[in-house]
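2 protein chains.
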Amino acid sequence: MCKCSCSWNFTADRLLLPVLLFLLRLKPAHGYELIQKLAQLDLLEGEVDPATVYRNLRRMEQEALVVSSWEATGTGPARRKYTLTSRGEELLDECMLAVRRQKEKLEKFIRLYENECRPDLQGGESCLPQG
Amino acid sequence: MCKCSCSWNFTADRLLLPVLLFLLRLKPAHGYELIQKLAQLDLLEGEVDPATVYRNLRRMEQEALVVSSWEATGTGPARRKYTLTSRGEELLDECMLAVRRQKEKLEKFIRLYENECRPDLQGGESCLPQG
DNA sequence: CTCATCTATTTGCAATAAGCACTTATGGTT
DNA sequence: AACCATAAGTGCTTATTGCAAATAGATGAG
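Protein sequences, first through last, are from chains A and B. Residue numbering for the first sequence follows full-length UniProt numbering, beginning at 1 and increasing consecutively. Residue numbering for the second sequence follows full-length UniProt numbering, beginning at 1 and increasing consecutively.
If you are wondering where the hints come from, they were derived from the structure by calculation, not from laboratory data. The structure displayed is predicted, hence computed values, not measured ones. Possibly wrong hints are sitting among the right ones.
Distance condition first, Cα-Cα at most 27 Å in a straight line; then the derived DSSO-like pairs of lysine-lysine [claimed, not checked]:
#  : chain 1 : residue 1 : chain 2 : residue 2
1  : B       : Lys-81    : B       : Lys-37
2  : B       : Lys-108   : A       : Lys-108
3  : B       : Lys-37    : A       : Lys-108
4  : B       : Lys-108   : A       : Lys-27
5  : B       : Lys-37    : B       : Lys-27
6  : A       : Lys-81    : A       : Lys-37
7  : B       : Lys-37    : A       : Lys-103
8  : A       : Lys-103   : A       : Lys-27
9  : B       : Lys-81    : A       : Lys-103
10 : A       : Lys-103   : B       : Lys-103
11 : A       : Lys-37    : B       : Lys-108
12 : B       : Lys-27    : B       : Lys-81
13 : B       : Lys-103   : A       : Lys-37
14 : A       : Lys-108   : B       : Lys-103
15 : A       : Lys-108   : B       : Lys-27
Simulated restraints on C-beta separations [stated by the list, open to error]:
#  : chain 1 : residue 1 : chain 2 : residue 2 : range
16 : B       : Glu-61    : A       : Gln-62    : 39 to 45 Å
17 : A       : Glu-107   : B       : Arg-59    : 44 to 50 Å
18 : B       : Arg-25    : A       : Arg-14    : 33 to 39 Å
19 : B       : Pro-50    : A       : Ala-72    : 52 to 58 Å
Pulled a few chain A residues facing chain B out of the computed Cβ check, cut under 8 Å [unchecked claim]:
#  : residue
20 : Phe-22
21 : Arg-25
22 : Leu-26
23 : Gln-40
24 : Leu-43
25 : Val-99
26 : Arg-100
27 : Gln-102
28 : Lys-103
29 : Lys-105
30 : Glu-107
31 : Lys-108
32 : Tyr-113
All residues carry an ideal CB built from backbone N, CA and C; glycine is no exception.
With the hints as constraints, model all of the structure from the sequences given.
The structure is reproduced here in structure tokens:
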């Protein structure tokens, strides 16, 4: 996102794994398809690097979150179809708890920021622990 | 967080920089103090590694987000006091926009998950793009 | 027929950033 | 003297990403 001298990456989400688990929970799919859906869904900041997606999928398989099998297609090269395992489903549920916690932390942070740095917005009292 | 064979880190926030900027916007401070406040605030998942905080602060100085000066204390070792620059303030504002965007993405993701994977919760219709 | 293009997956390499352990140092307490 | 809290830092390893490129099957244009 930011190619300038400052190289901060305050957007990073680490949301790729949960989103992949989610998409595969909806329906088994192959990598290329998942990459397209990721772009459509727009849950991740910026473009998704195909290499990252494929590597994540392979790792997910190593850890038994998914299983894969080659699928010959009439058209185009063969593709590896991934299917979520029950372990993957469990991890998705855990991930979503973490996502919810994270959402709450972001909300808390936003509230703090607005109260402390933008008090003009809606005359909020300070709500920092011990002032 | 997870020391087991599965090494997924779906919590990672990359929120350290924005929170440091925020704390320093409230008031100049030194590293040790910031580490304690980070622990109190509990905006980051898990414990904050002091080394990471100190390193981030040094980097922030290199990029002119903060300036530092040594402060002799009557008691204890000297400490480096960091003060936010106007550039740091600007970056904080940008960060908070990104935090808000991220919060919205998490909300969207949670909605999708609940509609598609937990439809029993409140009989929601699918809201995925094109089914 | 050949070349380009889309589909599909993979590897190699460099850079980034974090985690953990450890070192250094001051000053107060027991 | 030993210990602890404060305070900041270094060194090393590992995880993960981003980018570029390799490979390869199938289709359509010229």
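Mind listing which of the numbered hints don't hold for this structure, in increasing order? As far as the earlier hints go, 9, 17 and 18 are violated by this structure, in ascending order.
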